[in-house]
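Chemist: So the sequence lines, in the order shown, correspond to chains A and B. Just so you know, we're using the working numbering here: the first sequence kicks off at 10 and counts up by one. Just so you know, we're using the working numbering here: the second sequence kicks off at 10 and counts up by one.
Read the hints as simulated data drawn from the structure, not as lab findings. These numbers come from a predicted model, not from an experiment. We put the beta carbon where it would ideally sit given N, CA and C, even for glycine. Please note that the accuracy of each hint is not assured.
Stated by the list, open to error - Taking lysine to any residue and the SDA-like style, the derived pairs with C-alpha atoms no more than 25 angstroms apart in a straight line are:
no. : chain 1 : residue 1 : chain 2 : residue 2
1   : B       : K128      : A       : M58
2   : B       : K257      : B       : E267
3   : A       : K67       : A       : R53
4   : B       : K67       : B       : H179
5   : B       : K128      : A       : A318
6   : B       : K128      : A       : H117
7   : B       : K67       : B       : S55
8   : B       : K128      : B       : L36
9   : B       : K67       : B       : E267
10  : A       : K128      : B       : R116
11  : A       : K257      : A       : H283
12  : B       : K62       : A       : E174
13  : A       : K128      : B       : E159
14  : A       : K128      : B       : K329
15  : A       : K128      : B       : R51
16  : A       : K62       : A       : D150
17  : A       : K128      : B       : G250
18  : B       : K67       : B       : L36
19  : A       : K257      : A       : D150
20  : B       : K65       : B       : R115
21  : B       : K128      : A       : R83
22  : B       : K329      : B       : R116
23  : A       : K62       : B       : T173
24  : A       : K128      : B       : E303
25  : A       : K257      : A       : M58
26  : B       : K128      : A       : E111
Stated by the list, open to error - Far from chain A by the CB rule (all over 12 angstroms, computed), these chain B residues:
no. : residue
27  : T27
28  : F29
29  : R52
30  : V108
31  : D110
32  : I114
33  : R152
34  : H283
35  : A318
36  : S325
37  : R341
To be verified - Residues of chain A clear of chain B, computed beta-carbon distances all greater than 12 angstroms:
no. : residue
38  : S34
39  : H105
40  : L277
Take a look at the letters that make up each chain.
There are 2 protein chains.
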Amino acid sequence: MNPTLMVENAVPVMLTKTLFDPIRSELDQVEQVLASTLSPYRRRISDLMNHLKHFKGKRLRPVLVILAAKACGRVVSSHFTLAAVIEMIHTATLVHDDVLDEASIRRHVDTVNARWGNKTSILLGDLLFTHAFHLSATSGDARICERIGEATNRVCAGELFQLTEHGNLHLTEDAYFEMIDGKTAALTEVACRIGAMLAGANDHVCESLAIFGQKLGLAFQVADDLLDLMGDETKTGKTLGTDLEQQKMTLPLIHLLEVVDGAEADSLRDAMRHPTEANIQRILTALRVHGSLEYAQRRADELIAEGRAALQCLPSSTAKTMLEQLGTWAVRRQS
Amino acid sequence: MNPTLMVENAVPVMLTKTLFDPIRSELDQVEQVLASTLSPYRRRISDLMNHLKHFKGKRLRPVLVILAAKACGRVVSSHFTLAAVIEMIHTATLVHDDVLDEASIRRHVDTVNARWGNKTSILLGDLLFTHAFHLSATSGDARICERIGEATNRVCAGELFQLTEHGNLHLTEDAYFEMIDGKTAALTEVACRIGAMLAGANDHVCESLAIFGQKLGLAFQVADDLLDLMGDETKTGKTLGTDLEQQKMTLPLIHLLEVVDGAEADSLRDAMRHPTEANIQRILTALRVHGSLEYAQRRADELIAEGRAALQCLPSSTAKTMLEQLGTWAVRRQS
Chain A
10 MNPTLMVENA VPVMLTKTLF DPIRSELDQV EQVLASTLSP YRRRISDLMN HLKHFKGKRL
70 RPVLVILAAK ACGRVVSSHF TLAAVIEMIH TATLVHDDVL DEASIRRHVD TVNARWGNKT
130 SILLGDLLFT HAFHLSATSG DARICERIGE ATNRVCAGEL FQLTEHGNLH LTEDAYFEMI
190 DGKTAALTEV ACRIGAMLAG ANDHVCESLA IFGQKLGLAF QVADDLLDLM GDETKTGKTL
250 GTDLEQQKMT LPLIHLLEVV DGAEADSLRD AMRHPTEANI QRILTALRVH GSLEYAQRRA
310 DELIAEGRAA LQCLPSSTAK TMLEQLGTWA VRRQS
Chain B
10 MNPTLMVENA VPVMLTKTLF DPIRSELDQV EQVLASTLSP YRRRISDLMN HLKHFKGKRL
70 RPVLVILAAK ACGRVVSSHF TLAAVIEMIH TATLVHDDVL DEASIRRHVD TVNARWGNKT
130 SILLGDLLFT HAFHLSATSG DARICERIGE ATNRVCAGEL FQLTEHGNLH LTEDAYFEMI
190 DGKTAALTEV ACRIGAMLAG ANDHVCESLA IFGQKLGLAF QVADDLLDLM GDETKTGKTL
250 GTDLEQQKMT LPLIHLLEVV DGAEADSLRD AMRHPTEANI QRILTALRVH GSLEYAQRRA
310 DELIAEGRAA LQCLPSSTAK TMLEQLGTWA VRRQS
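Using the sequences plus the hints, can you model the full thing?
Modeler: Pasting the structure below:
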């Protein structure tokens, strides 16, 4: 590994409530767009719309749109609209994901499928997807619609790829990265790209911001895999080892199966197919012994370093520093 | 009823294979767009993509795009792209509908959910929706994206409305028309509107074509309700009385419950809640006795007459005549 690609000063960054204070007023405007654009549905489905509030998470994608815009010099009202569009698409994928995962709890409340059933979830997801597209077109800019369409389509293709590969314990690292590129990186990439585009940045800067967003998304997902294996349940709010139990291939596992000899790999795959408590412990031990967790952490750090390198085309600014901090947080977060 | 609003010469129009011969080469080009734009997915999910071929139906929406274009004077290559976009959105809704309806057969083959499960169906629908949006943006025209987004969003809102109102045996005629406006008319409307827009028609003509498309969609759906109650199973390929069995409110039923006295209406609602063979026969008899089937047919005829009136702004042409024939077919079809 090239040491210059390491994350410098990789001190854990906490995602505190005050971290985004410098862009609080912009984020509030995104919330206003979200509330007002969805309000016509309240006449028919107010309970469902109210329930979505509980799903409000880190608002990572709106944060990226606004920070990219500020780092490129200006924020215009379309930024709030498009940040809302991207968040809405993200919410649509969560609603459909919960059906796919048969999940009953998200962020400590019932999922839509648990409370209203799968049918309502499917249609609510569709409604959010299509509303987002309609809203994106109000920008009057077909290039923006094209980027949003392309990214969302990549998300769905990634999810479908993940579903068809489920249970394939021979998944390669390349296929893994192709999968998470769609599932997670497509939306963070388009958030940064559109932030730059609407700020009037030139093509090179737009492309650089897109690279940052993509690497951030990939690294974020690898870090997510690691949290599932070595996180603190009280902080993540999730049960550890869920990926292992669901036989979901993650980067540390792919590394492990790659570095051990063929017979050991077969035996580990057998353990993965029968994820008993003892087998999970065996796999966790093997991951530690063979440096697979460190490998994944290193890949995440490299990705963030590549992302930070792409930001070098930008002048110094508070927003640029915040993007860099967000990168460090993505790979060193504890929840 | 205003007699001038009747469909003149309402002789049944058969949707024969040769009916669309005058636009065969344009329809073939739409098929080519569909095949080539979806081909990148073949690497990962070729079985699924091949299966969609079985769902190929009447291609009503592409026919409307092409006929609207020709009636307005010219067909350009964007027409083929946008006709494919609208057909893809229609297919996406069919894939999700089959999950909602727990349907196992569509057009004589397994539904996607029956063969690959609900999860694959949800993601395949999402993939088609988002691919369609991406493709629509390649037109480079944000007005087109906005129309497509708005129409698709109306489809989803209509479907969600239908789901939340399921089992409401007090549904009003206004609510019924609001529902089918989204479910069916939004896409036929946008097909005609975009056909005109891309042909360079002026705003008045675009609006007139949109009205024709909307009325056609509404009438088509009312005719569908009638076919379920009085069609010929061997021609429709569907089991009669399915709507009644599923307690789905349709226009004849709404009329019936409106014209009988309160006690009779309550008793009929009770029969609808228990759709035994005897109760279904009782309802069918009541529909005939109270003229509810004729009422729905008349409403469908009126809608088509209104749609035809909107076409009067167009000069005579083969395409205009075909649009008029399509209107008659929509309300007098036997399958």
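Chemist: For which of the previously enumerated hints does the structure constitute a violation, in increasing order of number?
Modeler: Violated hints: 3, 4, 5, 8, 9, 14, 15, 16, 19, 21, 22, 24, 25, 29, 30, 31, 33 and 39; rest satisfied.
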